[in-house]
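Using the sequences and the accompanying hints, generate a full structural model.
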Amino acid sequence: MAVTTTTAAQLEAGPLKERLRAADRLFEETGHYSGIKELQLKSKDPLAYESFHTRLLSMVISARETSKKISASPGIREVGESVVALYTPDGDSVVLSTGIVIHVHTMSRTLKWMIEHDYEDDPGINPGDIFANNDPFVANVHPPDLMTLIPLHWEGELIGWAGAVCHEIETGGVVGGANMGTTAERFGNGLTVTAEKIGRDDTVNKDYWLRAEYNLRTPIYWILDTKSMISACLDVRERVGEIIAEYGLDYYKQATRELIEESRRGHLERMKIMTVPGRYRVPAISCHLMDGKPGASAVAHDVLLNAPLEIEIRTDGHMHVNLDGIGPQSWTPFNCALAATDGHLFVSLTQFMDYDGRVNDGAWYAVTFNIPTGSWANPDSPLVSIGGIWSVMMPVFGAWMRAMSRAFLARGFKEEVFLGMVTTPIFEGGGINQYGMRSGVQNLECAAQGSGARAIMDGIDNAYVGWNPESDMGNIEIWEQFLPILYLGRRIVRDHVGWGKQRSGTTMSSIWYMHNTPMWLVMSTIHSDLVFDNAGICGGYPAPTAKYTNTVSDSDLLERAQKQLPLPHVEGDPRDPDMKRLLGGTFDVEKGFYHRPLKTGDVWQFFYNTSGGYGDPIERDPELVRQDLDNGVQSIGMARVVNKVVARLDEESDVHIVDHEETEKLRVAERQGRKRRARPASEWVAEQRERIAGRDLAPRVLRMLGESFEMSEHWRREYVEFWGLDDDFAL
Amino acid sequence: MPTYPKDVIADLIDGKLPWEQTKRIQSSFKDTDRFDTYVQVLQERVAWNERILLPIGEHLSIVQKGPDRIVKCDCGHEFGPYTENWKLAALLFVRDTEELLQELYPGSKACDPSLQEIREFICPGCGTLLEVEAVPPGYPVTFDFLPDLEGFYEQILGRPLPTGS
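Here the protein sequences line up with chains A and B, keeping their order.
Under the working numbering, the first sequence has 630 at position 630, and the numbering climbs by one with no breaks.
Under the working numbering, the second sequence has 88 at position 88, and the numbering climbs by one with no breaks.
Simulated from the structure, these hints should not be mistaken for laboratory data.
No residue lacks a Cβ here, since even glycine has one placed at the ideal position from N, Cα and C.
One thing to keep in mind: the hints can contain errors.
What the hints assert, rightly or not - Just a few of them, taken from the derived set where beta-carbon distance is under 7 Å, the chain B residues facing chain A:
id, residue
1, T22
2, Y105
3, L115
4, L129
5, P140
6, T142
Right, here's the structure in full:
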């Protein structure tokens, strides 16, 4: 054990940068946050301590709820894409509101970055100052997440920070909307604010508003969101003042730090109670098409990404997240800054075990990472584009969720198994809206997708998204106000789940008629192309998340409507979609990234996602299948193919009826049939060895493997050993 | 700390407990005797006698068989030492063509078989589908979970890992 040389007093006095360094040393030397070995205030008066925490938590939650009403953006008002938080003076989060909880640590990193870059001296950190940041290479998830930070002072002393984030639905990038899915460098990402002081004396500088007005298609979102965030932060500042007046400054300082240490310990305890120590491996795969796509940067290219996630859980509850073997950064939007990678861990942890309202930076101090520098999860240059960050990191943390689910299952907490997260396709866009104005808007209705299955029940139907626990798809009428679209349908897609004994949640698609616009350039983001970027466990299948979009250009929809002919509202038979069947015009299916200018008369159908299933589909309760048949979630044909359930629709009662005897026969036959058509895995491995040695794989696959080899000799050696290849096998 | 009777845990893991009760269990402090009750429920359901050391899937467990610790299916099929990947001792069916993928994912839904294949790992004993992988052709078979059995028993459960005798 190292000799402790740093004291807690060094956290409270002296230059901020030195206090930050002292905090890091104290943790290293003692293994406790701020060197707090005993939770003295909690022990002395637990009710006062709990009451103190409740005051802080309700403060940030209430600040967020009120501030949402100031925003003009449906992303904030309808979907709730915001968060408010309280930080220590050296930038550790104490409490967060509900909302986009990924930002537990991003604002921490931003504050620490400012401290490390001597902001105390220049530009200074004074009462009434307002700072903003959306630069991922300072610390952020991605440019649309705009942060506002204000320092909190008590009698001239800096005692903390209030922070807020709003997700902007228009960022002034190369395409209207928020996520810039065509860029190769950061320069297409839009308006970037790199840890700037944007105001003094509680007043934003005029030039900041001008920058928003001139550089955004729809400045009102950014402007009112900023005012919304400032109002939330000022609300927090006022209430912190009231709390300090009541509890005393010494209590406030000590208790805020004890809350973080308590959270660290709580997280470790939960890991020990709920999981089994060991090594968990769960690869995440995603694919993104750029080659030849209109609007994509000329240097951007297709990528097939390998993230061979490994988690080690130790007996003391510590978790090590290891991405050894992950592929390199690239000249595409498909990179993820470090702050976003560890941010994803927080949003996952708050869903899985740290859901007691105590979420703060405590968990940060209980986890370590290996995220290789120069990889797409930790680029070594701030010039790379991270426009597609959610496309690449959500599959990784969906994989994390599968690993944790295995841990819960082994331990006996089967009710906690949850295959949650998957990518969330979004349509970005901009052009001339229905009011004749230039505009750009992101449609965030993906916020209510299906989730992966649970082990004891199906996944959540159309009420889940990995990045916001408060999933809300927003009212159709509101999206129609902001976008030149008319909804023809927003319905559950039939046969579009992760199959399993427990299926994933349902997902939906929307069909839109483009209305009163000469040009609206649409781009899809946050999805995978050509592959499923999710999986099930214990026999469950992945959900079909390989992106496709149906379009009818120059449709005759209005004429058909006037003649009262049937119109498309759903996909229908995927082999012969309703849009193709019912509309005149030119029908096409775009597989993968969608990026085209649409205009009045065009009709298009956009599909959302869900995640993997749990367990063998032929073990599914036939009554659940029957309910899915009645609710249009599944077809009779697929019930027979996937679940081996035989059912028919009773025309008279309009409900489905299962033939249990035939179902049982089919299931018995299927088990025998599986054994007959399968072969020993070892035999297959031997055959594949020859194929791989001959490099008889698709070029994109060879490239993906080769890139992982270059990034990690250890991964290459394991690969070679598994397949029994020559030691010097290379790609 | 709460503790729940065996029949409640049995219904919970089977998804048969009413939602209100399930939610109360989820929102309460975790029952510290869960592992033992869970294993007891599972042990009573299998026809074989080997002691379950750790469940690792819906139908798979690590059991003590004589001096060895092996992976075993509920049906009785034995896969080999738990320190090796049981999948390599399973039966495997690979969906690596348009036709096979379209069976489960019709129309435009299917993935591109040149970039991703669906691997179905099947128990040679009972024909149950035990795991599904969705990875590119040429990707190694994943060894999902290698537990630290000794550490779990000695440091978490506070008792020695059973040995065969």
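Taking the hints in turn, this is what the structure says about them:
no. : hint : in the structure
1   : T22  : holds, 6 Å
2   : Y105 : holds, 5 Å
3   : L115 : holds, 5 Å
4   : L129 : holds, 4 Å
5   : P140 : holds, 4 Å
6   : T142 : holds, 5 Å
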